[in-house]
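Chemist: We have chain A; now place chain B onto it with these hints.
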Amino acid sequence: MSRVTRFAPLILLLLVIAALVWRLATPANSDVPSKLEGQSLPAFALPAAVPGKPPLSSGDFKGQPRLLNVFASWCVPCITEVKVLGELKARGVAIEGVAVRDRPADIAYFLANNGDPYERIGSDPQSSLQIALGSSGVPETFVIDAKGVIRYQHIGPIEAKDVPLILQKLEQAR
Amino acid sequence: MIAEAGLAALWLAAGLAALQLFLMIVALRSGIAVARAMRGIAVVQGALTLGAFAMLLLVFARTDLSVALVFENSHSAKPFIYKVAGAWGNHEGSMLLWVTVLAAAGAFVARLSRRTSEKTLVAALGAQAALALGFYAFLLIASNPFARLDPAPLEGRGLNPLLQDPGLAFHPPTLYFGYVGLSVAFSLAVGALLTGQVDSRLARAMRPWVLAAWIFLTLGITAGSYWAYYELGWGGYWFWDPVENASLMPWLAATALLHSINVLAARGALKAWTMMLAVIAFSMSMVGTFLVRSGVLTSVHAFAIDPQRGTFLLALLAIYVGAAFVLFAWRGAALKEGAPFELVSRESGLVLNNLLLSVILGVVFVGTLYPLFVEAVSGEKLSVGAPYFNAVAGPLALILAALVGLGPLLSWRRKSRPVLRRLTVPALIAATMLVISVIVAPAMGILPRLGLMVAAFLAVASILPLVGRNPFRAPLATWGMVVAHFGIAVSLAGMAANGAFTAETLSVARPGETLRVGPWLVQLEGVVPGAGQNWTAIAAQLRATRGQGPVMLEPQTRYFSNPVMETNEAAIRTFWNGQLYTVLGKPDRAGGWQLRLWWKPFVTLIWAGGALIALGGALALLGRLRLRRRRPPTEWRQERYA
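Line by line, the protein sequences are chains A and B. Residues in the first sequence are numbered consecutively from 209, following my numbering. Residues in the second sequence are numbered consecutively from 68, following my numbering.
One chain only, chain A, in its complex shape (with noise of 0.2 Å):
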């Protein structure tokens, strides 16, 4: 038997070996990159979702990067959410919001009881925006760049621990 043979085996287990402590050394990142990230916003119009405040369409996505959030007033994580999302607004980020399946009695509750970081809300009876987002749940936030383009989309709640990422992430839409 050549040298070369009687060696190949070690040299395999060795590589597996590497493989898998690396592997081990750096935990998997089990985040998945959306598919949407680079694309364009679906063209939409949403009624306004509460009186007094402005109704929501895709053409009002532009001059500067906004964050698109889908919440709802019976969504218990929102309620933590749109706070972090008022010191972002405070940070001057601009801020959209997308009612799912609503009540605009509800949202009005909701914006008083919490506070109010959104421009506008559009109201989302359907879910038909939510479904043509891609997204799966309330609630979840995208970053929309000048363009109308999605740069990013963040599935839950936004904690004050992401606030860097999204702040980031807007940096980036610029």
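Source of the hints: derived by calculation from the structure; they are not laboratory data. Among the hints, erroneous ones may be present.
[Unchecked claim] Only part of the chain B face toward chain A is listed, based on derived beta-carbon distances under 8 Å:
hint, residue
1, 343
2, 378
3, 383
4, 386
5, 389
6, 399
7, 400
8, 443
9, 626
Here the structure is a predicted model, which means the values were calculated and not measured. Ideal Cβ placement from N, Cα and C applies to all residues, glycine included.
Modeler: Just chain B now, with coordinates in the frame of chain A:
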């Protein structure tokens, strides 16, 4: 006290394993006399681990919640059989089962092995002790199954409902017997490499162990496949999931080993290759255990994920397999191969079998670990699924299955019998099958069609070794081979028929409405509640007809309370020509229910074939063991007492 006794037994066993390893080193350096005690030590070590495992069964049977493992995996309201099965339905318990089988196998080798030279046996017992020592350390340091909770909780957390199934109670132990049985082949190979005595005697000593392990692996994989089929409610029998592959890879290596070992036993050839396979077969078992236990690969079996344990297991894997490979590189050069083979002979047929099996093993191995390599190199995430495995391993397996019909007809050393003429009948049958399949189903895919052809060919060709002689005077091992090869044909026919003819309907039905699937009309009569010892359920009442009288099926959605979980219980009805498989889904708002219906013609052949393959192995094992008794070996005694 029971748990403490179990723990003490484990520590004692670990100490004995260390002593056994030490004695082996002394014996190989300064003479065999020291090793007299090794057989006894191995037996006591096996008995101690069996005792520890019995203690674990006892605390689970009594639902002793002061033991942390029982608290986490059991519940007082669980049926008794699952209380006991819960002992190995978790990480610590299953690792204890693993070392128990490992130590018991070592004890059996020490008691029963009469064929190898005493020196090789001593080296092999030392290797087995080294293996056991590592796993004792793993248990005692990183996964103590007997840890106590103080104060004891009032109620346990329960066992995952998916695992509360008779199939599960026996699937993991069966696989473990197979995995760990291969450790004996590993130890014997390491022992023989150490002493340089790689010969047909070693092959005959190793063969029953490989056969036994292979039978268990075959049964375990078949049972696991059927369990996934009816329990997960997806209607598939194999998903190429990393954990499934983890059980398939040792099986492929063991199958190759099973065949190459015959060449070594009969001709004293393929020495280095057979030793390599023996090492690889058990290495694949350890790789499998590592993949399952460390969570490095994304899998539906995502249980017991713990990076620290993963590191420990990886270290064990690296040490054992690395040491064996170093030994192979060091000693392999000294192995003298026998005479070269004739091009057409049983030996070269078996070499071809080994090459194909190794390539398939390579394909599965690469496919399983490829996502890991790609991510390590480029950071890109991908997954390798059924399309790759089916497209690459499928044709190779078909070629192999076709050659299985040919190989046993070849004779050792040289071509003497008119082989091709004997294959005329099988070839005609395969051609007939092709014609029938084209007429009946012109649109069938190429792989299922070839599968049906090869299955028909092999079904007839596999019986030929018994034709032209008195079949009742043929050795049991020959019968075993025929039954196992016929089982491959049966299994292949089931897979091909399932791939070609399965009919599927996914639809919403309101009570009273009727759906069609294949030849069946399935009416949803109503939806009713039900309950069991630790679950409540809603069940659909389905009335299925096809021409003759109706059949009632009740697929359920079960709600378990401890832990809270929802499972789908498929209702499956088996007929001679297939299975009707029904799953109840979610209700919609309009009073309709999702129903998923399959008609799977001849699907049961897949597992029937698997059972036949295992039965063939059992016959062969019986034949080999009987042969042993008839011809009492003498050489080892002379050597021992000379």
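Chemist: Under the constraints set out in the numbered hints, which ones does this structure not fulfil?
Modeler: 3, 4, 9
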